[in-house]
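Please arrange chain A on chain C, whose structure you already have, making use of the hints.
Each chain, letter by letter, is given below.
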Amino acid sequence: MHVTVEHVSFAYDAATPALRGIDLAIASGESVALIGPNGSGKSTLLKVVSGALHPQNGTIRLNGSPIATLSPRQIARRLAMVEQERSMGFDFTAREVIAMGRIPHRGRFARESIKDRLAIDRAMELADVRELADRSIRAVSGGERQRVFLGMALAQEPDVLLLDEPTTHLDLRHQVGFMSIVQDRGEAGLTVLIAIHDLTLAAQAADRIALLSEGRSVVTGTPSEVLTSSNVRRVFGVEAAVGEHPELGTTYVLPNLIGRGG
Amino acid sequence: MDTRGRRPGRRIVWGLVGLVLVSLFAGIVIGSATIPVRDAFASLFGLATDSVTPVHRVIVRQIRLPRVLLGLLVGSALAVSGVAMQGLFRNPLASPYVLGIASGASTGAALAILFASGSAFFLPLGAFVGAAAAVLIVYGLARGRDRRTSIFTLILGGVAIGALFSAVTSFLIYLSSGGEKLSDVLFWIMGGLGRANWASVATLSPIVGVGIGAVLVFARDLNALSLGEEGAFHVGVNPDTLTRWLLCATTLLTAAAVAMAGTIGFIGLVIPHVMRLLVGPDHRRLVPVSALAGGCFLVWSDMVARTVLAPAELPVGVITAFLGAPFFLYLLKTRGARL
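Residue numbers (numbering that gives the first Met the number 0), protein chains in the order written: chain C, 0 to 261; chain A, 0 to 338.
Bound-form chain C, shown alone (with noise of 0.2 Å):
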């Protein structure tokens, strides 16, 4: 499922626009990374293209039909979304969190089928939280929890994924894990738009990079165009040594401390 994202303008109030003007084309299939600095509109940008934000100018596509003439329901049977910050209200489960990705492919008394239950226990695989399944979602680590809500949304089964900084409270091989999801999307063709803070990570799992800045899309196309020496110093304000590592043949980014003098 392809998304469009066309002359996107969002402010949260009148004297300060979040977004202004993005356009972005996500093909089927295609994993963009957004980076950029703080308060860059990366989340606003998501929460825009999930459509629980409506933007003030300008329009959101899934596969060419407006995202506002759909229903919430029919939102969620395309597209999941992993917030940044996600408090549970009370004490259910990891199981039925994750069992609740499934509400907009059920009906309202119906009970699990078996096309549920498969769909869950594959995302709780692909999540790597079976052994959390009768914890309590609010006893769990927030790393713990941030798999949870991963695997509640691959439980929706969506041809669209987003991702908010999800990898903020995983440890190394879990942030690995999480972003092998975004490499290897299959054959299911899923589509994936991440905001994400560590640029070499998003240089090795997304297909193309966009550089956003001040509400703006600075720069979108491979990591090697986006992740230069002096787009990171434009934007960021670092000096940072930008490579593509031998072995891996991928782009990193090493920000560059001690030549800060400090």
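Everything labelled a hint here was simulated from the structure, so no lab data went into it.
Here a beta-carbon is modelled for each residue, glycine too, at the ideal position from N, C-alpha and C.
Careful: at least some of the hints might be erroneous.
Below, a sample of chain C positions facing chain A; criterion: calculated Cβ distance under 7 Å [to be verified]: (1) ARG85; (2) PHE89; (3) ASP90; (4) PRO103; (5) LEU169.
Just chain A now, with coordinates in the frame of chain C:
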């Protein structure tokens, strides 16, 4: 320590259904007039035996049976409202009265008692209108220009409107300058099932049926709402639609219950908690279980209220608070983190 894989939902439901039946019969047998169990049953089912007097029959059929049924209805209405409010506000401290319903109803009831002599028709009507007015004002305040409802504003608006209506009620009580009317108002505010008759049961049954039915329809969406408003949206639940329907259902349930029995406290707060500990937070189980438990709790509280100082009768709200508050404190102390 948190392994609660299988929750004993079904057994608890059947246990509670049994408890409802036991409560029903106990409520008919127990009272200030002593009626032997055999005679109570005979009166109930219209069996002719030598010992059943017409007085027994009237007490059982016209006084105790409607009173027990009203208790079941009011208790379940308050408990389910509590579940819905706690789910809506994602806060285990929310009660059916969080939007100022109790204060609005009290003002309406006080007006009816002072100016319409608290007639059987105007008292419930006044209470219902007052309750609905309070919620409508709060909802109107919380609905922003973008037509979205801010749950935060709902809570604050509820506090403010509740205080305003309480002030009006206090003023009315002050104006009444003591006397019988004052004690009527106070007794009504403390709550009780003393006005039970078949008409009140017949009025309340369909309202409670529809209200609990509506909350059950939205039970799954309430589960989704515990992900937050945005989280609920991402699994296809429109939080604004959900809020609107739940407010309608809980206002109907609470206002009708309060109109018939006054502002009985603690049921809507404690029962959802206790049931959540027993069956977990899934609203598809929590709603029916709370309905049954809330009904039983009120019937037993009412039995205590009727008998402990018999022939005098305590306001049942005193009993529910006496039983509910210490139990709630016990829960906080022992399982605080899990509430």
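Now for the hints, and whether the structure bears them out:
no.	hint	verdict
1	ARG85	holds (6 Å)
2	PHE89	holds (4 Å)
3	ASP90	holds (5 Å)
4	PRO103	holds (4 Å)
5	LEU169	violated (19 Å)
Violation of the numbered hints given earlier is confined to hint 5; every other hint is satisfied by the structure.
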